[in-house]
Amino acid sequence: DVKVTQSSRYLVKRTGEKVFLECVQDMDHENMFWYRQDPGLGLRLIYFSYDVKMKEKGDIPEGYSVSREKKERFSLILESASTNQTSMYLCASSLKWGDPSDRADTQYFGPGTRLTVL
Amino acid sequence: GENVEQHPSTLSVQEGDSAVIKCTYSDSASNYFPWYKQELGKRPQLIIDIRSNVGEKKDQRIAVTLNKTAKHFSLHITETQPEDSAVYFCAASPRYKLSFGAGTTVTVRA
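Residue numbers (the numbering used here), protein chains in the order written: chain A, 1 to 118; chain B, 1 to 110.
Where hints are given, some of them may not hold.
Said to hold, decoys possible - Below are the EDC-like pairs computed for lysine to aspartate or glutamate, each with C-alpha atoms no more than 16 Å apart in a straight line:
1) B/K42 <-> A/E30
2) B/K97 <-> A/E30
3) B/K97 <-> A/D59
No wet-lab data here; the hints were simulated from the structure.
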């Protein structure tokens with residue numbers, strides 16, 4: 001079974017703080033993703049990475065950056081947290097684009113981190 | 001980019017009845033359409049998916065249909081049970097990344 005873990009389930013930070021959210025997957029997946037989930041808006045893609053040190057902006061990258069130094073680990077960074085970044089953050093991983101296996105595109109999600117910025 | 005709309009936002013059904021959730025997408029290049037189920041307090045999990053070369057796919061009580069011409073796809077749950085109560089998300093993928101719908105909260109009444 002694919003296991004995707006996130007460093008914290010709940011996090012409370014103050015406005016202006018630098019925040020690190022970490023995600024680790026144990027299935028040697030090439031692709032990793034960061035989403036935020038807000039009621040009525042579904043899951044919105046912040047950033048994704050298709051290889052070590054490679055990253056691409058998603059639909060809402062403003063105010064965020066990412067780091068992928070090792071294949072299994074993908075970090076989301078809030079350089080200066082703001083109250084409008086209070087949300088549920090979900091990490092996901094998938095095998096590899098173009099892989100012929102049936103489950104190559106399936107994204108496996110972590111448990112989420114509920115971040116509150118005060 | 002891809003835009004996915006999902007309806008209804010909430011759905012209440014009697015146990016044993018069917019539930020249908022509909023999604024439309026905008027990018028004709030989208031070729032992969034998964035459905036995720038998220039139970040309260042848990043992570044989203046894939047329940048079924050379909051690719052653009054297939055019109056319908058079924059797995060026990062759940063089925064998905066795809067109409068590429070109209071750019072819409074639907075999730076059908078038959079003989080609903082209390083454990084089907086959850087939020088369901090559709091998604092579409094033209095390449096690399098998924099674009100999700102806003103979600104449908106399904107409540108199965110006993």
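Hint check:
no. : hint            : result
1   : B/K42 <-> A/E30 : violated, 24 Å
2   : B/K97 <-> A/E30 : holds, 13 Å
3   : B/K97 <-> A/D59 : holds, 10 Å
Consistency note: the structure conflicts with earlier hint 1 alone.
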